[in-house]
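**Student:** Sequence:
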Amino acid sequence: MSLLLRNGLLLDVTTGAYTEADLRCADGRIVETGPGLSAPDGTRVLDLAGAHVVPGLIDAHVHVTACTADLGAIGSMAPSYVAAHSARIMSAMLDRGFTTVRDASGADFGLAAAQAEGLIRGPRLLFGGKGLSQTGGHADFRGPGEHLHDDHPCCAGLGRVADGVDAVRTAARDELRKGAHHIKVMASGGVASPTDRIDSTQYSMDELRAAVEEAEAANRYVAAHAYTARAVNRALEAGIRSIEHGNQIDDDSVELFLRHDAFLVPTLVTYWALKEEGPAFGLPEGSRRKVDEVLGAGLAALERAARSGVRLVYGTDLLGGMHRHQNHEFRLRCEVQQPIDVLRSATTVAAELAGMAGEIGTLDVGAHADLLVLDGDPLGDAGVLAGPEHIRHVVQAGVIA
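Just so you know, the sequence shown maps onto residues 1 to 401 in UniProt numbering.
It should be emphasised that the hints constitute simulated quantities derived from the structure, not laboratory data. From the three backbone atoms N, C-alpha and C, an ideal C-beta is built for every residue, glycine too. Treat each hint with caution, since some may be false.
Pairwise CB distance ranges, derived in the manner of DEER restraints [as the list claims (entries may be wrong)]:
#1 L119 - V45: 23 to 31 Å
#2 A217 - V45: 25 to 33 Å
#3 G16 - G355: 17 to 25 Å
#4 N219 - D381: 35 to 43 Å
From just these sequences and the hints, can you work out the full model?
**Tutor:** Next comes the structure, spelled out in structure tokens:
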């Protein structure tokens, strides 16, 4: 199958420059770009008439199984029911221009295989399996009066409890056995968990290092949920590659990011959405009280990191009916960043974090043919990517989605 896009303005995200050219896709890859390309027999030809073309977007922090903001309830749902919700969530993500997503706990090999085989419509799914949590940590959703714990070994549920170095090693190895693209650990308290504090640190340094060792042995990496500077800094010192959220980082955090060549994945839009709509979509009262603790600090942390040259990656972390705000993260980040830098965070930098540089997030020849045709210039107007209505076409693997 071949697709030829004529007369587009093709963006080189690295340089920030447009080139007026044609682009041809075949067998799911970009095979050539340039002026006046020929169309082999059977090629579908689309004249873009000067429309802007950018790589398909990458959201590096999603939960495609999060059909409700009450994350603790997902573990008791039928896996088939959760999968049905996930299919709808993923399809809508593709419509919003996200051709690849990194799931930050909850998705499994079944959903990834279903997408890859075309059984469900959606972005390429880089899944981490179940997030690892200590007892009473961010993925332990038991209330204070509950004692029994069920790890829900099938696809429903976002995390599993593992205490101690040996248990963490076993859990990490088990998620890797099932094909995890990365390992997720909970290194601090969070909004959705019922019994921890936002400002707590979670897992000992030995436990964090055990997860890192197992991931690196499998040529994978660890992502850590962490809010405060204390939690972030411990995770970075343990060798963790990406910090999720990081709303309360300090100058020491920035130095550690740079020294360890690590990535920060802010998720500003989820706090905005939880504040506006969380109760309507199942966010428990105890979690609602935690939102204010992290809401105000997010933009300041983003500005501090951007100013210092920390590698920033696009992430949203939306839950339940709030997934529809996925593109609003562009508008929020543009309060402190230039549009080209925000776009890089959702393309080239995200691809580097995922270990897929040159494969996704670029219009280079040889890359996956994932791209967007836009009705405006996203470098001149942040609203072009913040509003999915500006997406004229989504092309995934060389096919108009």
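**Student:** If you check the beta carbons of G16 and G355, does the distance land in 17 to 25 Å?
**Tutor:** holds (24 Å)
**Student:** Given the hint of 35 to 43 Å, check if N219 and D381 actually sit that far apart at their C-beta atoms.
**Tutor:** holds (40 Å)
**Student:** L119 and V45, beta-carbon distance inside 23 to 31 Å?
**Tutor:** Taking Cβ atoms as reference, L119 and V45 lie about 29 Å apart, which means the hint holds.
**Student:** Starting from the range 25 to 33 Å, see whether the pair A217 and V45 falls in it by beta-carbon distance.
**Tutor:** violated (48 Å)
This entry does not satisfy hint 2, going by the numbered hints stated previously; all others are met.
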